[in-house]
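Using the UniProt record's numbering, you'd call the opening residue of the sequence shown number 1 and step up by one each time.
Just so you know, these hints were derived from the structure itself, not from any lab.
The beta carbon of each residue, even a glycine, is placed where N, CA and C say it ideally should be.
Incorrect hints may appear among the rest.
[Claimed, not checked] Have a look at the derived ranges for each label pair, beta carbon to beta carbon: (1) Q227 / G135: 37 to 47 Å; (2) Q253 / R128: 35 to 45 Å; (3) R222 / M23: 41 to 51 Å.
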Amino acid sequence: MSASFILLINHTSTASIQTNLLMEHGYIPMLLPLNQLAQLPALPHQTIVVACFNNQTELEQLTTTLPTWNMPWIGWNLSGQIELSIAAYKASADIVLTDSCTEQLLLNVLSQRSNYIAGQSDPIVKQRQRHYQRGTLIRLPAEHILLINEGVVGLATLHSDGSQVLVSLCGPQQLVYSTEQQSSVQLYAHSDVVGQVYAWAQVAEHPSLLQRLRSRLSQMERWASMQANGYSDQRILGLLGLLAEQFGKPTEQGTLIDIRLTHEQLASAIGVNRTTTTRLLRDLRNRGLVYTAGHGAQERFCLPS
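Could you put together the complete structure from these sequences and hints?
See below:
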C-alpha cells in the first residue's frame, strides 16, 4: 500500500487514535483543530479525512463545512449517542465510527478507504446464497445482517395480543438485520427471497456495505416519520410514496408500485383496521390520488403523475 495521508479533524486526547500506530502502518497523519476548520489546507491527493466529534455542537460545526469540500469523509462519534451517528450519515459521512471502535477496526476501515481512493474496487466477499420461501420467518445469527439479492423482506413487530404491525419493506441490494433478541421485531419473506448473510465485522470492512447501511438508516427514519402523521389518508399516501421510490416502475399514467400489498398489510403499516383502510383507499381513488392495476394476486397500487 502506498502511503496515505490522514487528516484528523478535532483530534483530542479523548480520541482513541494513536498517530504512532498510523505511522507504523504506512499512514502520514496531519492534525487540524476544530477552530481552524474553515482554513482548509492544501491536501495531497490520497488524503483520508477523519472528523471527530463529542457532541451536537461539534458535529454541526463539522457538517456545515465538510460537505463543501466535495470529498469523502469518515466521522468518529466519541459520544456514544446513536442519534449523532445517524445525523453524521445524513450529513454525507461515508462511514461513522463509534467510541467503541478498536484499533484493528480502524485500520481495516482506513485500508478499505485507502484502496478506494487509489481507484481500486471494493469487492464484497461473496457468501453462499440463502433462499427463503414466501411467508417464512428469517432468523439470522446474532451480530449478522442479510444483503437482499432478490425478493422483498418485511419487518413486523409483534404485539402482546398476537397482532402484527408492518414496520418496513426492503428489496434488492438493501441490508436488513434482526433485533429479535432485544425486541419483538421479526424478519419474514414477503416474497421468495435470495440473499447473503454477513457478520457485522464484514460490514465495517466494506464501504459498499456501509453505504447500504446508511441508506437503510435513512429509510427507517422516513418510515417512522410516515407513521407519525396524524391523518390516516396521509399515512397511506406517505407509505405508497416510500414504496414507489423502492419498487416503482414508470408508466404512462404515473408510477406502478411493483410489490404485492394487501389491504390488511396496509392497515398494519398505518395503524388502522382493514375496513378503515378499504374506505380510505376508496376515497383516495375517488380523489384521483391512487389507482390500481391488475386483479387478485397481480393487483398493484399506482400513483398518478
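Here's how the hints hold up against the structure:
1. At about 24 Å, the CB distance of Q227 to G135 disagrees with the hint of 37 to 47 Å.
2. Taken as a hint, the range 35 to 45 Å holds for the pair Q253 and R128, whose Cβ atoms sit roughly 42 Å apart.
3. For the pair R222 and M23, the beta carbons lie near 42 Å from each other, so the given range of 41 to 51 Å is met.
Of the numbered hints given earlier, the model fails hint 1 alone.
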